[in-house]
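Novice: Letter by letter, the chains look like this.
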Amino acid sequence: MGTITGGQWLTSVFFFAFVAFSLGLTYWSMRRASSASGFYVAGRRLTGWQNGLAISGDYMSAASFLGIAGLVSLFGFDGLLYSFGFIVGWIFILLLIAEPLRNAGKYTLSDIMAFRLRARPVHAAAALSSVTIGLFYLLAQLVGAGAIASLLLPVGPSVAISIVGVLMIVYVLFGGMVATTYVQIVKAVLILVATCLLTLLVLLSFHFNVSELLGAAAARSGKGDLFLQPGLFFKNKLDLISLGLGLALGTGGLPHIMMRFYTVSDAKNARASANWVIGLVGIYLVMTTLLGFGAAALVGKEAITAANKAGNSAAPLLALQLGGGDGTLGGEILVAFVSAVTFATILAVVAGLIIAATSNIAHDLYTHVLRTGQSEEKAEMKVARIAALVIGLTAIVLALTAQSLNVAFLVGLAFAVAASANFPVIIYSLFWRRFNTTGAMCALLSGLFSALGLVLIGPAVIGPKGLMLADFEPIFPLANPGIVSIPIGFLAGWIGTLASEREHTSESRFDELQVRALTGFGAEPSAKSH
Amino acid sequence: MNYVVPATCEALMREILRRRDRFVWPVTAGVLTIYLAALITLSYWPSAVGTKVWGSINVAYLIVLVQFVLTFSVALAYTSWAQRRIDPLAGEALAVLKIANNQLPTNVRAA
Numbered sequence: 001m002g003t004i005t006g007g008q009w010l011t012s013v014f015f016f017a018f019v020a021f022s023l024g025l026t027y028w029s030m031r032r033a034s035s036a037s038g039f040y041v042a043g044r045r046l047t048g049w050q051n052g053l054a055i056s057g058d059y060m061s062a063a064s065f066l067g068i069a070g071l072v073s074l075f076g077f078d079g080l081l082y083s084f085g086f087i088v089g090w091i092f093i094l095l096l097i098a099e100p101l102r103n104a105g106k107y108t109l110s111d112i113m114a115f116r117l118r119a120r121p122v123h124a125a126a127a128l129s130s131v132t133i134g135l136f137y138l139l140a141q142l143v144g145a146g147a148i149a150s151l152l153l154p155v156g157p158s159v160a161i162s163i164v165g166v167l168m169i170v171y172v173l174f175g176g177m178v179a180t181t182y183v184q185i186v187k188a189v190l191i192l193v194a195t196c197l198l199t200l201l202v203l204l205s206f207h208f209n210v211s212e213l214l215g216a217a218a219a220r221s222g223k224g225d226l227f228l229q230p231g232l233f234f235k236n237k238l239d240l241i242s243l244g245l246g247l248a249l250g251t252g253g254l255p256h257i258m259m260r261f262y263t264v265s266d267a268k269n270a271r272a273s274a275n276w277v278i279g280l281v282g283i284y285l286v287m288t289t290l291l292g293f294g295a296a297a298l299v300g301k302e303a304i305t306a307a308n309k310a311g312n313s314a315a316p317l318l319a320l321q322l323g324g325g326d327g328t329l330g331g332e333i334l335v336a337f338v339s340a341v342t343f344a345t346i347l348a349v350v351a352g353l354i355i356a357a358t359s360n361i362a363h364d365l366y367t368h369v370l371r372t373g374q375s376e377e378k379a380e381m382k383v384a385r386i387a388a389l390v391i392g393l394t395a396i397v398l399a400l401t402a403q404s405l406n407v408a409f410l411v412g413l414a415f416a417v418a419a420s421a422n423f424p425v426i427i428y429s430l431f432w433r434r435f436n437t438t439g440a441m442c443a444l445l446s447g448l449f450s451a452l453g454l455v456l457i458g459p460a461v462i463g464p465k466g467l468m469l470a471d472f473e474p475i476f477p478l479a480n481p482g483i484v485s486i487p488i489g490f491l492a493g494w495i496g497t498l499a500s501e502r503e504h505t506s507e508s509r510f511d512e513l514q515v516r517a518l519t520g521f522g523a524e525p526s527a528k529s530h
Numbered sequence: 001m002n003y004v005v006p007a008t009c010e011a012l013m014r015e016i017l018r019r020r021d022r023f024v025w026p027v028t029a030g031v032l033t034i035y036l037a038a039l040i041t042l043s044y045w046p047s048a049v050g051t052k053v054w055g056s057i058n059v060a061y062l063i064v065l066v067q068f069v070l071t072f073s074v075a076l077a078y079t080s081w082a083q084r085r086i087d088p089l090a091g092e093a094l095a096v097l098k099i100a101n102n103q104l105p106t107n108v109r110a111a
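Chains as they are written, first to last, in the numbering used here: chain A, 1 to 530; chain B, 1 to 111.
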């Protein structure tokens with residue numbers, strides 16, 4: 001427990017107001033979410049800015065709001081490395097993936113692969129990697145919810161995980177992608193407001209002079225100028241580069257982000273969504289780093305680590321300070337608002353993750369692998385709802401079991417798997433005519449298992465900082481596998497393709513894919529009405 | 001293929017692909033190279049990038065700032081390029097396809 005206790009009842013009030021509002025949205029979305037395209041992709045009726053806000057919402061997670069600010073507040077410059085990796089990755093999505101994906105796909109990321117490759121094996125392998133990514137991400141968010149709850153709300157971590165878990169299942173089961181998207185948009189606006197407000201107050205304290213802010217942060221950190229240089233958090237140089245690669249290339253392979261491009265009406269709106277994301281998330285990330293420096297300068301390292309060792313409380317403590325300090329009304333209102341927004345964030349992000357994993361199971365595995373593409377929409381929707389329930393409950397149970405472990409590395413692992421397995425196959429599928437099913441299987445499986453394997457034998461699992469075998473040295477020295485596993489994924493796809501026979505259907509379907517990707521001819525239409 | 005792709009459409013597509021190849025791949029490679037260069041510089045020369053430029057603002061901070069500015073400008077440049085050089089051709093190709101297949105196409109073939 002930290003020092004933030006006085007405003008907890010107020011946080012609860014704000015939080016329940018958000019929950020009530022979001023449940024209202026869910027009720028209102030129920031009818032629109034009953035068809036498959038309504039459930040998975042909100043009927044493809046969103047506009048570019050709506051979808052851009054929703055995707056930005058997926059990024060403005062508790063991990064970035066509390067995590068990046070916390071990291072910057074404790075380790076200075078190294079926290080910034082997370083922020084610009086996220087944003088650079090969006091260039092690859094904008095230039096290479098967003099538009100063709102919208103034109104040629106249907107519900108999931110693997111649709112784009114199965115368009116030209118043999119559907120059953122590719123759907124199965126892509127679903128395996130996508131569900132893995134989804135579960136890791138989900139687990140990290142839920143465990144994070146528990147940890148943050150004990151900091152900000154008057155409930156324990158187990159209760160918080162259960163509340164968040166049940167709510168996410170309700171949103172998805174009843175409101176599908178429609179409700180999830182609107183919850184995400186409302187939350188994105190709230191978190192942007194909170195971040196802008198806090199940033200403004202921080203800058204005000206330093207006469208809008210960033211240099212003065214950095215100077216004050218460095219002075220109070222006790223590290224002096226080292227605080228403003230790389231190296232306080234990342235001790236291994238290659239590890240830093242590996243993480244950076246995973247962050248930049250992983251986004252293009254994240255199923256829950258990429259499937260959002262199907263929620264807009266056409267390729268131009270997909271492009272517009274990506275542009276909105278770059279603008280909003282870019283500004284947001286710059287602001288969170290300023291909040292980190294602000295917390296370092298105004299709250300100080302001792303108070304931040306006293307509340308939470310990982311620095312997660314830096315942003316709420318900063319809000320308390322900026323609002324007038326402990327015990328003041330302004331401080332309590334501000335901290336309650338920030339805390340409630342953080343919770344809203346987790347809720348919206350996990351709901352999006354559940355939808356993505358559900359589509360992988362119902363659309364990819366059930367319809368395309370088990371039923372070889374022959375299922376009725378009604379049957380698929382039934383499977384989807386059961387899948388949402390099962391995945392949701394599994395995630396809750398796993399999170400309750402793992403809540404005492406440090407699972408922050410799971411988000412990095414999710415990005416690494418996305419960058420090593422999904423990303424190469426999407427790039428090859430969209431741009432390489434000779435690419436074939438063997439190549440896709442090689443890339444998906446070796447990318448997935450090399451990323452997983454390297455983490456299993458790395459410092460996040462083995463060794464003094466890992467989950468087990470504290471007396472041993474990790475076999476693989478890097479915590480982030482990307483620098484090895486991403487080239488493995490790309491190479492495996494390339495070698496697998498060239499070592500196997502040409503696949504004529506894949507090549508002729510590639511020509512068809514190009515017609516559809518470039519012109520939008522035959523692309524999935526948006527729902528007429530709702 | 002279960003629909004007709006007329007020769008005019010094929011010519012338009014070739015032109016779109018030619019233009020994309022000349023813009024998209026070089027820019028993608030450039031962004032990736034600059035990003036990697038930034039990561040390598042920051043991790044291998046931590047004290048050099050600590051050199052102060054203006055007040056407490058050092059080279060490291062400017063490198064990060066450049067990444068953000070670069071991302072924003074590439075996004076703007078790509079969008080305006082695509083609107084001028086790609087969208088008209090793609091629209092024309094789509095119109096040709098629709099006429100040749102005398103339809104307002106719905107779902108040609110589910111993926």
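Calculated from the structure, these hints are not laboratory results. Glycine included, every Cβ here is placed at the ideal spot set by N, Cα and C. The reader is advised that the hints may include incorrect statements.
Pairs of lysine-lysine residues, derived as DSS-like cross-links and limited to a Cα-Cα distance of at most 30 Å, are as follows [to be verified]: (1) A:K235 / A:K223; (2) A:K301 / B:K98; (3) A:K382 / A:K235; (4) A:K223 / B:K52; (5) B:K98 / A:K235; (6) A:K268 / A:K465.
Residues from chain B that face chain A, not an exhaustive set, calculated with beta carbons under 7 Å [claimed, not checked]: (7) V24; (8) A29; (9) T51; (10) V53; (11) V59; (12) V74.
Novice: Taking the hints in turn, state whether each one holds.
Specialist: Status of each hint after checking the structure:
{"no.": "1", "hint": "A:K235 / A:K223", "result": "16 Å, holds"}
{"no.": "2", "hint": "A:K301 / B:K98", "result": "64 Å, violated"}
{"no.": "3", "hint": "A:K382 / A:K235", "result": "49 Å, violated"}
{"no.": "4", "hint": "A:K223 / B:K52", "result": "16 Å, holds"}
{"no.": "5", "hint": "B:K98 / A:K235", "result": "58 Å, violated"}
{"no.": "6", "hint": "A:K268 / A:K465", "result": "47 Å, violated"}
{"no.": "7", "hint": "V24", "result": "5 Å, holds"}
{"no.": "8", "hint": "A29", "result": "11 Å, violated"}
{"no.": "9", "hint": "T51", "result": "9 Å, violated"}
{"no.": "10", "hint": "V53", "result": "10 Å, violated"}
{"no.": "11", "hint": "V59", "result": "9 Å, violated"}
{"no.": "12", "hint": "V74", "result": "5 Å, holds"}
Checked against the numbered hints above, the structure violates hints 2, 3, 5, 6, 8, 9, 10, 11; every other hint is satisfied.
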